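Colleague: Residue numbers (the working numbering), protein chains in the order written: chain A, 1 to 273; chain B, 1 to 360.
No wet-lab data here; the hints were simulated from the structure. Hints should not be assumed to be uniformly reliable.
Derived pair list, reagent style SDA-like, types lysine to any residue, alpha-carbon separation capped at 25 Å [claimed, not checked]:
1. B/LYS44 to A/ARG20
2. A/LYS56 to B/GLY210
3. A/LYS215 to B/GLU57
Here the structure is a predicted model, which is why all the values come from computation and not from measurement.
The residues making up each chain are set out below.
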Amino acid sequence: MEDTFAHPELRTPENLVYKRTELLVDRPLSYCPGCGHGVVHRMLMEVVEEIGGRSKTIGISPVGCSVLAYDFLNVDMLGAAHGRAPALATAIKRLWPNRFVFTYQGDGDLAAIGTAETIHVCNRGENFTIIFINNGIYGMTGGQMAPTTLPGMRSSTSPYGRNTQIMGHPLKITELIARLPGTYYVTRQSVHTPAAVRKTKKALKKAFECQNLGKGISFVEVVSNCNSGWKMSPVQANKWMEENMFPFYPPGDIKVDGELVPVKETEKSEVVK
Amino acid sequence: MGELRLMKGNEAVAEAAIRAGCDGYFGYPITPQSEVLEYLMAEKPYETTGMVVLQAESELGAVNMLYGGAGTGKMVMTSSSSPGISLMQEGISYMAGAELPSLLVNIVRGGPGLGTIQPSQADYFQAVKGGGHGDYHMIVLAPASVQEMADFVKIGFDAAFRYRTPVMILSDGAIGQMMEKVVLPDPIPRRTEEEIIAQCPWAATGRLPGREHIIITSLCLDPAGQEKLNLRLQAKYREIEENEVRFEAIRCEDAEYLFIAFGLSARICQKATDIARANGVRVGLFRPVTLFPFPKKQLYELGQRVKGMLVVEMNAGQMIEDVRLSVGCHLPIEHYGRFGGIIPTPDEVVRILEQKIINR
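Make a model of the complete structure from these sequences and hints.
Modeller: What follows is the structure, given as structure tokens:
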């Protein structure tokens, strides 16, 4: 690839403070500019590298925008059928208990078509990590209503806004699975600011470390934007996400070390709603 | 040599799986096959050979556990019965597309829909012609005894890994439930992780230093790439047709008329052959053991010598299509079928042979 950097003479070992992990394949991502997937991919692979999981990690990509995640994540990967990643991961972790196993799934994959698999792996207490990207919409198929689409939110299949009387309610699946005995660490994060990215990376690391404890599912939800599906610029989308998604899907830990984190009074009404 | 036991067909499958060095069984209860999972849970092979046994949340869950395990080079299997196998078709198609070895056992019951829990052979088309979406085949083995239920587990796994394809044992509720004596094979130890990594370089076992990362998928968005995959699959199916045909020809050498039947129907027709012979009619039985690959050549050759064939199936006429395609139209080939769990008697099929073929 042609080097377009204006000052190549500055590329010296002493100036190197941050670089792409070798566990990310060096190729352009298939995601829209401004999408959160690329950042999560990078944090995920940095974590795998840091925990020494390079040669003992097996990942499962979903059907959705991240269907091609296996093209970017430089670890052994399987592409699952829509919603079935947790079933694959169940078998893989049980058959290879000394491997790190993760699924990477969107909201349609995890909380609509794959709900049964999600609930049951969380209830059986399988020992792998689920990374759940929630942008409230079906991105790949062109912006249809998802199980997590907010009330009143427009999509191509709720063009006048989600009418909960007709279309049902958004599903807070993360709060739901946190209450199951087989989940050990459940958290909700985001990647829209540098501080949030750092917290997400920390959460991912904790999630992978939990796999060695044998105490159940570690689950990291990342609330993300879908600027293409939401028909906004990336900057607008992040602002809209903070103003609308966060009140309904508040970032923070939900279950730590097998114990539910008490809900703050200020957030209670939104969470219970 | 092996151990002699009196067992149900379903139990024989389960015991044979443990002895074949199977790494994982994933299943969901459904009549008339639940004894496979029950037997394994009672035997606890996870404490002896290390074989994983898991009751899944659904047949969808089970078949996708199979996909996951198979994608990592492990020797994995499931069993179910017709409605459950219908639910698994998506996963079977994915495994065929991703070229993954696995073993599925269908203890067929009558359909369509929830149907009945009694034995049937009505899933022939589903098993042999695809079942799921896309151009693919499974290797399909049709046992006719409890002994073969046990024997076909190892044969099935070997073929699955040789061709990297799902293999189905297509049995039925009678063979699954009935008890017969069976000689069990000597146990084979499960492969070690090192052996799996060495024997299955295509499997996603964790990216070792010095090799590219493995991607197990059935997705190829590029039409040229998808066509190439399909051509490779078709070449594999032709190779399977060349090398893996199994059949049984009983008293066919001097036969004027033939019963053509698989599985349980073949057991009935074997007795019917004896009855007809005692009546002075020279009848033989040809039993396809592999339904895919179908013994086309052998049937074609028999079609040059006999005067007529009666295809007996516990369905409305499914395998007869393949018999006619193999033999041609120059001699009478008729069908006799019973449905809904009704099993024909040997006398009944002899009478039908006389009516439809001999005295037509």
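Colleague: When you check the alpha-carbon spacing of A/LYS56 and B/GLY210, does it fall within 25 Å?
Modeller: At roughly 14 Å apart (the allowed maximum being 25 Å), B/GLY210 and A/LYS56 satisfy the hint.
Colleague: Sort out whether B/GLU57 lies within 25 Å of A/LYS215, counting only the CA atoms.
Modeller: Cα-Cα ~20 Å, so holds.
Colleague: Need the status of pair B/LYS44, A/ARG20: alpha-carbon distance at most 25 Å?
Modeller: violated (47 Å)
Checked against the numbered hints above, the structure breaks only hint 1 and satisfies the rest.
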